[in-house]
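A.B. asks: What follows is each chain in one-letter form.
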Amino acid sequence: MNRPAGDADRLVALFASEATAVDATVEIFDDVQGLRDGLALLCDQAGGRVMATAAVSGLLPSAPRLADSSAAALAEVSMGVSLAWRGVAETGSCVLLPASRSERLLAVCAPWHVVVLPVPRIVATLDLLMEDVAGAVATADGQAPYVTMITGPSRTADIERIITIGAHGPRRLQVNLVRGWGDA
Amino acid sequence: MPEPFARRYRDAVADPQLAANLLTFQRGWRTMRDARFDAASTSGAPDFDDLRARLAAAKDRVLADHETYIEQFSRMARANGVIVHRAADGDAAAAIVASICRERGGSLIKTKSMVSEEIDLNHRLAAQGIAAIETDVGEWIMQLRGETPAHMVMPAIHLNRRQIAATLRDATGHPVSDEDVADQVRTVREALRPEFLSAHVGLTGANALIANTGSIMLVTNEGNEGLLTAIVDVQVVVAGIEKLLPGLDDAATQLRLLARSATGQAITTYTTFITAPHDGQELHVVLLDNGRSAMRADPEFSDALRCIRCAACASVCPPYAAVGGQVFGYIYSGAIGLVNTPFHNGLDNAAGPQSLCVSCNACQDVCPVDIPLPAQILAVRRRVVEQRGVGALKRVVFAVWRRRWLFNAVFDVATWLSAPLRRNGELRLPRPRAHRWRTVPAPAVRPAHRLIPAHTPGRRDGPLAHSAARGQRVALFVQCLTDRFSPEVAAAAVRLVAACGADVVVPRAQHCCGLPMFDSGDWPTARVLARHTIAALESSDADWIVSTANSCVVAVVHEYESLFKEDPAWARRARALAARTVDLATFLDRVAQLPDGALADAPADHGPYTYHPFCQTRTVLRADGSARRLLQDVCGIQLRELTEANICCGFGGSTSMTAPEVGRAIAERKLGNVDGSGATTLVTDNPGCVLHLRAAASARKGRPLRARHLAEVLAEQLDGVDARERQAAGASPGRPTPGSAQKRS
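If you read the sequences in order, they're chains A and B. Its first residue numbered 1, the first sequence is counted upward by one per residue in our numbering. Its first residue numbered 185, the second sequence is counted upward by one per residue in our numbering.
Some hints here could point you the wrong way.
[Stated by the list, open to error] Anything over 10 Å on all C-beta distances counts as not near chain B; from chain A, calculated:
1. D7
2. L11
3. I28
4. D44
5. G47
6. G48
7. T156
8. R179
[Stated by the list, open to error] According to the in silico footprint, chain A covers these stretches of chain B (three or more CB under 8 Å from chain A):
9. 357 to 369
10. 403 to 410
11. 437 to 447
12. 450 to 457
13. 460 to 471
If you're looking for bench data, these hints aren't it; they were derived computationally from the structure. From the three backbone atoms N, C-alpha and C, an ideal C-beta is built for every residue, glycine too.
Make the full structure from the sequences, and use the hints.
C.D. replies: The following block contains the structure:
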């Protein structure tokens, strides 16, 4: 997924404006240390219990292990932190490829959801994303049983078509974009 | 299951809140939806037409080879560890779900699924002691109220926040704000969270089933899908077999169309692809037929299986806004509900709702898979009539109407008898309460066929004499309604066409084109009149058939094709006639090619003008641009912008007679928009619309509005220019006429 730097900047700008338009908050970090500091600040703000998926728990000051947490235990979490598998610039979406049911739950049960999105993982369009999804779900060992594309915090317009942020899922979605993440 | 149709209709029109809520909803929806598609096309992304052609083609590929795609999906899903079931009908599907629930403790938690509504799953399970709990905010509210969804995407959109607050207070026993929607949503979240946490079996629908990966695509906003599918040990997906798509690239096309069409979002908050069970979960997919195979085998209806349940056809539909989805539909609502109900829930349950369609074609205009919904609704209507007859009143009316001599005799007598009641072109008649919102137009003392000569030679002088139509032979198709109620419109058309230098003939044998019978589902009678019309107009030996009745032009150029589908000889004659049949605006703009300013004149001051295109002028004839050009550029009339110009006036043939409350609601919406434009003259281009709007405007006291046919306005301009030229020729040349240089606003 190597591409010229100017292209990446354009995708970051488009991603940020689309995600913001659907009520996500977006922060951009130039390196992993900056991201750590940003997450530490969020943990302070969140208070209560913070939980992170295995891929990002190392970035947090202290977060209990997510593995084996029951649904009831997860329901007490005030902020969940996940790592995005892809981002989509066209729609400002984060795509998760959770490794377990607990990771799936973490993305929807807490009032706050923070997604770490490495900049090299942003694709330009929905069509490009679908090519990647097709590759991920086609593997015989069921590598991607569940792929979810999240575009803003949960919402409903079921009452008078008035958009209300925070339905059954998070009321706040924070996307932390990070450059210089090692896996590009 | 819903109450009988007549009862649902009565309840809906008796509830003034309902139409108010829905009107607000429709206006907000349309603005958002249009803005989304406009934004996409201006940014260089694929536009609506492009996307819908692509998705329709993908759906058609599946439908052409349905069983192969079902097999492919099933094979892939099974390889992924999914348990795939096939259910022929609601009984079979409910039995599968019930047996899964019984194994796992006996209750069920759900996300919104229209298929489960279609088969009345909750009640079927309840009868077996299995409780099913809805979690979608709107759907839960409907479950609490014991109602079926009023809209496929926003089930409770017919209610306002105060009605919803009352429902939530009753259900939870907690105080709930009447005004604060966020508080109401929080109440739902808190009430349902424990239900999620204790659930074992969960049911979802599917927005698409991806054949080449075996994936289930789910599109949601609220986060209930994510909670439910992660928590439950057993997930059951119930999906109609029309939900198949070949691959994930097609899913991207569907996503782009679905959210914009459904809610006006660029994309929904959560889009999920479930391909395999996770961590020891059990995942079932129940593929439901329930009439879909019969639909696919039916050439008139198979296209309707493209539907992606976006509900745009409801969100755009004027009669839907008047009565809501529980009346305009059965379980499925909006235009698609009128079309698929016969297959999923029986023709009897479609019989009432289909009568409310006004054939404005707005639904097909916004349908993201281009389903020919208006034609399909008429086909449902035809089948209802074939089974139950057209009804006693229409049988008598049509028996008179189909015979020209009898029709004329009845009108002559009625005109004579009603003469004492005539005042200013209206009849002072007592009317039932439901009809008091409009006056009754009086039939003309002299019908057009006794007013207009059979032959009017083309003029060799005057402002339009050198038009491109000079020397052509034009037959005027008058229309039966115009003949009896608006002969001045036909006379105006003759003056205009003759002024273009064309010879005008008015074939005396002409009568009704058959549209009222066609629209009412009585196709045998419609065919009698269509054959008569074709023969009468053919005999004129004209280069062009021109009419001021755009609905009847649509009948000739569009509907005759369906009428004579199985009669090749008449189909050929109909096609030949259709090729030279045009509405007046198209004739003057495209055939005669009147130049800008040719009719610029400023006669009597009638105040500001606005133009409402007859629905099918816009959606079928695509002639609204010609009408606007004639008014603005040829006549120099500055038109006031009309909000919701693309919404029907509510005439809808016999609908405004049989469902007067629907006709009234739509007419008031139109007149409100006309008032908002500041216009005092409303120009439109179909006699039915003119009469309907004139009658509705006349009944409201104190707000005078001139409703005029386009032909009358253009002829007024012509008379003004003629008078000016005569004056100029007679009096001192070069002297400007008062007002001739300035444009009216």
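A.B. asks: Which hint numbers doesn't this structure obey?
C.D. replies: Hint 7 contradicted; others consistent.
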